[in-house]
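Q: Residues per chain are reported as follows:
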Amino acid sequence: MSNAPRAHASFSLGRRGLLLGLGTAMVLGGTRAAFARLPGERRFVVILQRGAMDGLYAVQPYADPELREIRASLALPEPGQEGGLLDLGGRFGLHPAFATLHAMYAANEALLVHAVAGPYRSRSHFDAQDMLEAGADQRLSSGWLNRALGALPNPAQARTGLAVGTNVPLLMQGPTPVGAWFPPGVEQPSPDLYARLAALQAGDPALGTLFAEGLRARGFATSTLGQPTREPGRGRFPQLAAAAGKLLAEAGGPRVAVLELGGWDTHVAQANAILGPVRALDEGLGALKTALGPQWSRTVVLVITEFGRTARANGNAGTDHGTAGVAILAGGAVAGGQVKTDWPGLTADGLLDNRDLRPTADLRSVAKALLAGHLDLPGRAVAQAFPNSESVRPMAGLLRG
Amino acid sequence: MSTRSQIAPIRFGLGLRLGEAPPEDPQAWLQRQILQPADPPPGLTATEALITQNINVVLRDEASGVARTRAPELRAALERHGVAIPDTSPLPALVRRETLRWAARRLSSPDPFRDRLVDFWANHFTTSRRGGAMATLPAALEHEAIRPHVTGRFADMLVAVTRHPAMLIYLNNNASVGPNSAASRNGRRGLNENLAREVLELHTLSPAGGYTQGDVQEFAKILTGWRVAGDRAPYDFLWQPQAHEPGPKHLLGRRFEEGEGSQEAALRFLAAQPATWRFLAAKLARHFVADDPPPEAVRALETVLRDTDGDLAAVSLALVSLPQAWDPPLRKFRAPQDYVVAACRALGVTEQRADLVIGGLIALNQPLWIAPQPNGWPDRMTAWAAPEALMRRVDWAYTVAGRAGVSDLPGITAAALGPLARAETVGAMRGAGSMRDAATLLIGSPEFMYR
Numbered sequence: 001m002s003n004a005p006r007a008h009a010s011f012s013l014g015r016r017g018l019l020l021g022l023g024t025a026m027v028l029g030g031t032r033a034a035f036a037r038l039p040g041e042r043r044f045v046v047i048l049q050r051g052a053m054d055g056l057y058a059v060q061p062y063a064d065p066e067l068r069e070i071r072a073s074l075a076l077p078e079p080g081q082e083g084g085l086l087d088l089g090g091r092f093g094l095h096p097a098f099a100t101l102h103a104m105y106a107a108n109e110a111l112l113v114h115a116v117a118g119p120y121r122s123r124s125h126f127d128a129q130d131m132l133e134a135g136a137d138q139r140l141s142s143g144w145l146n147r148a149l150g151a152l153p154n155p156a157q158a159r160t161g162l163a164v165g166t167n168v169p170l171l172m173q174g175p176t177p178v179g180a181w182f183p184p185g186v187e188q189p190s191p192d193l194y195a196r197l198a199a200l201q202a203g204d205p206a207l208g209t210l211f212a213e214g215l216r217a218r219g220f221a222t223s224t225l226g227q228p229t230r231e232p233g234r235g236r237f238p239q240l241a242a243a244a245g246k247l248l249a250e251a252g253g254p255r256v257a258v259l260e261l262g263g264w265d266t267h268v269a270q271a272n273a274i275l276g277p278v279r280a281l282d283e284g285l286g287a288l289k290t291a292l293g294p295q296w297s298r299t300v301v302l303v304i305t306e307f308g309r310t311a312r313a314n315g316n317a318g319t320d321h322g323t324a325g326v327a328i329l330a331g332g333a334v335a336g337g338q339v340k341t342d343w344p345g346l347t348a349d350g351l352l353d354n355r356d357l358r359p360t361a362d363l364r365s366v367a368k369a370l371l372a373g374h375l376d377l378p379g380r381a382v383a384q385a386f387p388n389s390e391s392v393r394p395m396a397g398l399l400r401g
Numbered sequence: 402m403s404t405r406s407q408i409a410p411i412r413f414g415l416g417l418r419l420g421e422a423p424p425e426d427p428q429a430w431l432q433r434q435i436l437q438p439a440d441p442p443p444g445l446t447a448t449e450a451l452i453t454q455n456i457n458v459v460l461r462d463e464a465s466g467v468a469r470t471r472a473p474e475l476r477a478a479l480e481r482h483g484v485a486i487p488d489t490s491p492l493p494a495l496v497r498r499e500t501l502r503w504a505a506r507r508l509s510s511p512d513p514f515r516d517r518l519v520d521f522w523a524n525h526f527t528t529s530r531r532g533g534a535m536a537t538l539p540a541a542l543e544h545e546a547i548r549p550h551v552t553g554r555f556a557d558m559l560v561a562v563t564r565h566p567a568m569l570i571y572l573n574n575n576a577s578v579g580p581n582s583a584a585s586r587n588g589r590r591g592l593n594e595n596l597a598r599e600v601l602e603l604h605t606l607s608p609a610g611g612y613t614q615g616d617v618q619e620f621a622k623i624l625t626g627w628r629v630a631g632d633r634a635p636y637d638f639l640w641q642p643q644a645h646e647p648g649p650k651h652l653l654g655r656r657f658e659e660g661e662g663s664q665e666a667a668l669r670f671l672a673a674q675p676a677t678w679r680f681l682a683a684k685l686a687r688h689f690v691a692d693d694p695p696p697e698a699v700r701a702l703e704t705v706l707r708d709t710d711g712d713l714a715a716v717s718l719a720l721v722s723l724p725q726a727w728d729p730p731l732r733k734f735r736a737p738q739d740y741v742v743a744a745c746r747a748l749g750v751t752e753q754r755a756d757l758v759i760g761g762l763i764a765l766n767q768p769l770w771i772a773p774q775p776n777g778w779p780d781r782m783t784a785w786a787a788p789e790a791l792m793r794r795v796d797w798a799y800t801v802a803g804r805a806g807v808s809d810l811p812g813i814t815a816a817a818l819g820p821l822a823r824a825e826t827v828g829a830m831r832g833a834g835s836m837r838d839a840a841t842l843l844i845g846s847p848e849f850m851y852r
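Residue numbers (my numbering), protein chains in the order written: chain A, 1 to 401; chain B, 402 to 852.
By construction, these hints were calculated from the structure, which means they are not laboratory data.
Owing to the predicted nature of the structure, the values given are computational and were not obtained by experimental measurement.
Ideal Cβ positions, reconstructed from N, Cα and C, are used throughout, including at glycine.
Incorrect hints may appear among the rest.
Examples of chain B residues lying across from chain A (beta carbon under 8 Å, computed) [stated by the list, open to error]:
(1) Ala576
(2) Arg590
(3) Leu592
(4) Asn593
(5) Asn766
(6) Ala784
(7) Met792
(8) Arg793
(9) Asp796
(10) Gly803
Quick list of the computed label-pair ranges, beta carbon to beta carbon [what the hints assert, rightly or not]:
(11) Arg586/B with Leu275/A: 23 to 33 Å
(12) Arg380/A with Gly648/B: 51 to 61 Å
(13) Gln674/B with Ala271/A: 32 to 42 Å
Model the full structure from these sequences, guided by the hints.
A: Dropping the structure here:
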């Protein structure tokens, strides 16, 4: 490594970033060449909403006569009234803070799937998140999206998958190596010291490859996003979404990305508590679209959460853990402008256990349709992503023809 | 000196401090910390935390002229309680004092194994400042409910934690009202299941314990009435019978009569379930031995918990007697908290620079008392060892090596790894261009990432 380039104070920041990428290539050998081999042009983004979004609150069935009875103050005014819902075509309305998503819906670039849930019936956040990400009704050690990535052309070398965050969520863990990106926060060593550190890590069976990938991802991110800034908001969801969009838009960039957004566990004073996460998600979707530019037309964004919440408010103007909820699909490749649902109703008989919105669609059928129809995965690969689910057919009509 | 002398401070303690010799008799060193600990450190009370929070709200609302505010009411209550209200909010200083106190203790602890156990149980019973009006309550929970019982009985810790204002507020029991109680006002206010569910799932039985949604609801009814006087005297736990759900309740088939005392009885009943012993044994073994601990190690700890009725001193001693807990090489990946504390101790960071520890926890994504969810920070390598996370580790190592200042490189090496340092690491350090780079290579070496 003695001939690895050194950074000097006299180099400009841009030069240093270039050196970092160069140093990376020297450490890793041939991976830079792999960038040239393009995988498919379609983009797929999954946003995990941790904490369980109240689907009945985000997308309200205002035409259902039971809604006001059962939800009391959590039922927002109908479309057209002050502070009212944003209309989705006569039966359902979006929470008014979803203005960007609503504009996408109006432009046929967003659709909502209602009364949907995974196959598990756990009301534990942590079990349910694990199973949502594993793609099964039991815990697995890898995520469905990682298994799906394995079937894409040349996935490992090209780093088709990208986890936005310092850690990789279960959804993206598994046999196919994926990248991870998050804005760096502290001082950075010289490229030479990075190279020496990489050489040390190479002696460890687990850390060697992780560190090499960290260097590679940093080098790529720096050449795409420029030198990291230290602005205070750089770790906020909309900023992360914008950065993810830029990386996805690059010719040699990742094609599949995962982001996470917490704060949905609204047990108390839900009307206020949910505003922060709703605004962050709405702004983030807009930032993704802007950053993806022309690639937005080839993009599907899937927003999913571990379960819905109780149909009735609890004793604190909040909601407890429930079952079915909403999945949001956005992007130019989506057959937007519709709410897809087999509405179960909110009567005592319609509800599950006289408590939760009853699931009438399986989240796996939504994800399967996107893997098969959007990423063009063969049936065998879709089955590997979602094992033991032959009876769950891909949902029709989600994608633009 | 045996390998065990090197392993003990890394695996069970917080790492050696610069200049500290490895223990001659590691077993005796660990046992002494359980059986004859130094006096507990000073700490924060829930009352102090809650009063400070109230003063903060009063001053904030008065300064910004909020129209609908409880500030006058809160101010009157504080003054009735004899609290003098200062001109500026004491809350930021208190947050700073408590976080630095936590870090300074980890840098200089006379009982590092005991502090590791405190941190283990604080994570088991996670409360988080992310949960709204939590001020500095997690510090009070550690001081008042966890540290006093860390080598006592699990049931006592469970009761102390569950009735502590930090937990009652964090998991919303403070807002839970029996639907048929007087305080429900004809059903306008009602039950909140959050605390009941998480006690069953995260603190005692775990989902393997096989409870039902019905058990969650019944337990939530039992817990009604355990509240916090957060905005008035006594600024502490409060038993409020008007909020308690009347009538008997059934939890796991056991009947609990209404009233004060049923909460503690139910918690002690849950603490003594075999599923609870099994769950706690597996968590302890995972933390101290391996991500997937050998089943015989888990069984040994489970047996001790069952035979001693949950004696946490006995199970801690059993832990350090497990042969599997001493097996080299070290393969338990250090979570950021372990990593940052051990690095700062080896670098000789003083208590006056405890801010370096707090900054490191933020930089590496495990900020103090801000766990994202009630299940606390993960305890497996897959959760922490990711490409960008590793990059941030070495970035931080480089940063802290610069800020702490490096002069005694041999001493730092001895404290960080001693004979556990690989030849490659020692060689790379020798070839480094500066003391700072050499220390970065040491703290950034793969062997320092494990404990």
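Q: Look at each hint and say if it fits the structure.
A: Against the structure, the hints:
1. The closest approach between the C-beta of Ala576/B and any C-beta of chain A is roughly 4 Å, which is under the 8 Å cut-off, so the hint is satisfied.
2. Checking Arg590/B against chain A: minimum C-beta separation of about 4 Å stays under 8 Å; hint holds.
3. About 5 Å separates the beta-carbon of Leu592/B from the nearest beta-carbon of chain A, less than 8 Å, and the hint is met.
4. Because the closest C-beta pair between Asn593/B and chain A is about 5 Å apart, less than 8 Å, the hint holds.
5. With a cut of 8 Å, the hint placing Asn766/B at the interface with chain A holds, because the nearest CB-to-CB distance is about 5 Å.
6. Annotation: interface hint on Ala784/B holds; nearest CB of chain A at approximately 6 Å, less than 8 Å.
7. Given hint, Met792/B at the interface with chain A, holds; its Cβ is 4 Å from that chain's nearest Cβ, closer than 8 Å.
8. Because the smallest distance between the Cβ of Arg793/B and any Cβ of chain A comes to about 6 Å, under 8 Å, the interface hint for this residue holds.
9. Interface hint at Asp796/B: satisfied, since its Cβ lies 5 Å from the closest Cβ of chain A, which is below the 8 Å cut-off.
10. This hint holds: Gly803/B has a C-beta 7 Å from the nearest C-beta of chain A, less than the 8 Å allowed.
11. Arg586/B and Leu275/A have their C-beta atoms about 27 Å apart, which keeps the hinted 23 to 33 Å range intact.
12. Checked against the given bound of 51 to 61 Å, the beta carbons of Arg380/A and Gly648/B, roughly 57 Å apart, stay inside it.
13. Taken as a hint, the range 32 to 42 Å holds for the pair Gln674/B and Ala271/A, whose Cβ atoms sit roughly 38 Å apart.
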